[in-house]
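Respectively, the protein sequence lines represent chains E and P. First residue of the first sequence: 1, per the working numbering; consecutive thereafter. First residue of the second sequence: 246, per the working numbering; consecutive thereafter.
Simulated from the structure, these hints should not be mistaken for laboratory data. Everything numeric in this text was worked out from a predicted model, so none of it was measured. The beta-carbon is built from N, C-alpha and C at its ideal position, and this holds for glycine as well. Worth double-checking, as some hints may not be accurate.
Sample of chain E residues facing chain P (criterion: CB under 7 Å; computed from the structure) [claimed, not checked]:
1) Asp23
2) Pro79
3) His92
4) Ala97
5) Ala100
6) Ala188
7) Leu218
8) Ile220
9) Pro235
Now the in silico label distances, taken between C-beta atoms and shown as ranges [stated by the list, open to error]:
10) E:Glu138 to P:Ala271: 13 to 23 Å
11) P:Arg331 to E:Ala77: 48 to 58 Å
12) P:Trp330 to E:Pro168: 31 to 41 Å
13) E:Arg172 to P:Trp330: 40 to 50 Å
14) P:Leu277 to E:Val57: 12 to 22 Å
15) E:Thr9 to P:Gly352: 17 to 27 Å
With the Cβ distance kept under 8 Å, some of the chain E side facing chain P (calculated, not the full set) [as the list claims (entries may be wrong)]:
16) Gly26
17) Ala80
18) Ala90
19) Leu99
20) Pro101
21) Asn154
22) Val155
23) Leu158
24) Ala159
25) Leu162
26) Ala187
27) Arg194
28) Glu196
29) Val202
30) Leu212
31) Pro216
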Amino acid sequence: MRKDLPALTAGELAQSRRRLIIDGIGIAVSALAFGFVYGLAAEGAGLSPIEAVAMSVIVFAGAAQFAAIGYITGGLAWPAIILLTALINARHLLYAAALAPWLCDVPAPRRALMAHVLTDEAFALAIAHFTRLGRTDERGYWIAAIGSTWIPWNVATLAGVLIGREIPSPERFGIDIVFPAAMVGLAAGLITGRREVVAAIVGAVLGVAVGLLVSPSLGIVAGGLLGPAAGLAVPERAPRNELPA
Amino acid sequence: MSTGFVVLAVLMGAVTYPSRALPLLAPGLERLPAPVFAYLRLVAPAVLAAIGAVNVLLVGPRGRVGFHVGIEAAAVVVCLVLTLWRGNLLAGLVAAVAIVAVARAVGVG
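The shape of chain E in the complex, shown without the other chains (with noise of 0.2 Å):
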């Protein structure tokens, strides 16, 4: 963290930290009603409930495990699925890039715990409340990686193979658009500037072109690898908040 930054009152702490939890509300939601189809969809492709909470705990990524569910029931083999679970999840590398430079004060055992945790929402929702506040917040992030996403998902996970089959699919309700809406409405929140704007856009057109022509996955990590440069490319404007250097 930089050591020139002026101090935090605790009042501009707690207005960000309700912001994040707010926010956290509507990440935990998704997190709910995808863990519970998860959990439902786990327990049809014939895994036992402690295989899919294994699976939700262990692994903790929604994309991989969706993937891996379907990739089981169409019977290929595990290092294929291992494989693929790689790729899926190599955007992640992206995410912890960008939070090194706000974790990097951390001891390194607790950096150790936050890479397991750390997932879409956890870094959408941390490195927004980090930016709001121009420094780093270790308890923010685990109110987003833990109170957001890795409690509803496991424990959606838990009733969705257990119970799953007396509930109707929460798709009907509209839950599915959380998720989607929350990254957009995530990313919108950290635009303090042109660059930002020209990376978010390019990131979405090459994250959208590139998955119809190879693969979504692919298409996110295009996005988020060719996105910033297009954004580095514009003359900057002074920007409100910083890195910490």
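Since the structure of chain E is provided, determine the placement of chain P on it from the hints.
Here is chain P on its own, set in the frame of chain E:
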């Protein structure tokens, strides 16, 4: 109760963890040059926008993905506008869910 897929979960976790942990645990990252930090600052809006766009505009099973602009895209735009206008993501999400739920209930979505 079967436990065979627990081993698969462990192996999937083993290939997922390095991509999450390596950049966080690599020593000396704070000494990276300024342009790298400028690049990393832009990763978040780019990748989140890509995730949102891909999830809402691409539909279909693996290998047969197609482009689709439906009520879901309109709902995301409404969420985006509300978030920018009111600074309140939760309000945007509630509006997006309401739009999609109503559209599906009347057979539009």
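Taking the hints in turn, this is what the structure says about them:
Against a cut-off of 7 Å between C-beta atoms, the interface hint on E:Asp23 holds, since the closest Cβ of chain P lies about 5 Å away. Violation of the interface hint for E:Pro79 is found here, the shortest Cβ-Cβ separation to chain P being roughly 9 Å, above the 7 Å cut-off. Hint status for E:His92 relative to chain P: holds, with the closest Cβ pair at about 4 Å, below 7 Å. Taking 7 Å as the C-beta contact cut-off toward chain P, the hint placing E:Ala97 at the interface holds, the least distance being around 4 Å.
Checking E:Ala100 against chain P: minimum C-beta separation of about 5 Å stays under 7 Å; hint holds. The beta carbon of E:Ala188 comes within 5 Å of a beta carbon in chain P, closer than 7 Å, and the hint placing it at the interface holds. Hint status for E:Leu218 relative to chain P: violated, with the closest Cβ pair at about 10 Å, above 7 Å. The beta carbon of E:Ile220 comes within 5 Å of a beta carbon in chain P, closer than 7 Å, and the hint placing it at the interface holds.
Taken as an interface hint, E:Pro235 does not check out: its beta carbon lies about 12 Å from the nearest beta carbon of chain P, beyond 7 Å. A C-beta distance of roughly 19 Å is found between E:Glu138 and P:Ala271, which places it inside the suggested range of 13 to 23 Å. The given range of 48 to 58 Å is respected by P:Arg331 and E:Ala77, whose C-beta atoms sit roughly 50 Å from each other. Taking the beta carbon of each, P:Trp330 and E:Pro168 are about 33 Å apart, inside 31 to 41 Å as hinted.
A C-beta distance of roughly 29 Å is found between E:Arg172 and P:Trp330, which places it outside the suggested range of 40 to 50 Å. Taken as a hint, the range 12 to 22 Å is violated for the pair P:Leu277 and E:Val57, whose Cβ atoms sit roughly 33 Å apart. For E:Thr9 and P:Gly352, the hinted distance range of 17 to 27 Å is not satisfied, since their beta carbons lie about 52 Å from each other. With 8 Å as the threshold, the beta carbon of E:Gly26 comes within range of chain P, its nearest partner Cβ sitting at about 4 Å, so the hint holds.
The criterion of a C-beta within 8 Å of any C-beta in chain P is not met by E:Ala80, whose closest approach is roughly 11 Å, and the hint is violated. About 6 Å separates the beta-carbon of E:Ala90 from the nearest beta-carbon of chain P, less than 8 Å, and the hint is met. Against a cut-off of 8 Å between C-beta atoms, the interface hint on E:Leu99 holds, since the closest Cβ of chain P lies about 7 Å away. This hint holds: E:Pro101 has a C-beta 6 Å from the nearest C-beta of chain P, less than the 8 Å allowed.
Against a cut-off of 8 Å between C-beta atoms, the interface hint on E:Asn154 is violated, since the closest Cβ of chain P lies about 13 Å away. With 8 Å as the threshold, the beta carbon of E:Val155 stays out of range of chain P, its nearest partner Cβ sitting at about 17 Å, so the hint is violated. For E:Leu158, the shortest C-beta to C-beta distance to chain P is roughly 13 Å, which exceeds 8 Å, and the interface hint is violated. A hinted interface residue such as E:Ala159 counts as satisfied when its beta carbon comes closer than 8 Å to some beta carbon of chain P; here the least separation is about 17 Å, so the hint is violated.
Hint on E:Leu162 is violated. Least Cβ distance to chain P is approximately 12 Å, over the 8 Å limit. Checking E:Ala187 against chain P by beta carbon gives a least distance of about 4 Å; that is within 8 Å, so the hint holds. Restraint check, E:Arg194 versus chain P: the minimum CB separation of about 11 Å is more than 8 Å; hint violated. With 8 Å as the threshold, the beta carbon of E:Glu196 comes within range of chain P, its nearest partner Cβ sitting at about 5 Å, so the hint holds.
Taking 8 Å as the C-beta contact cut-off toward chain P, the hint placing E:Val202 at the interface holds, the least distance being around 7 Å. The interface hint given for E:Leu212 is met, as the beta carbon of that residue sits about 6 Å from the closest beta carbon of chain P, less than 8 Å. Checking E:Pro216 against chain P: minimum C-beta separation of about 5 Å stays under 8 Å; hint holds.
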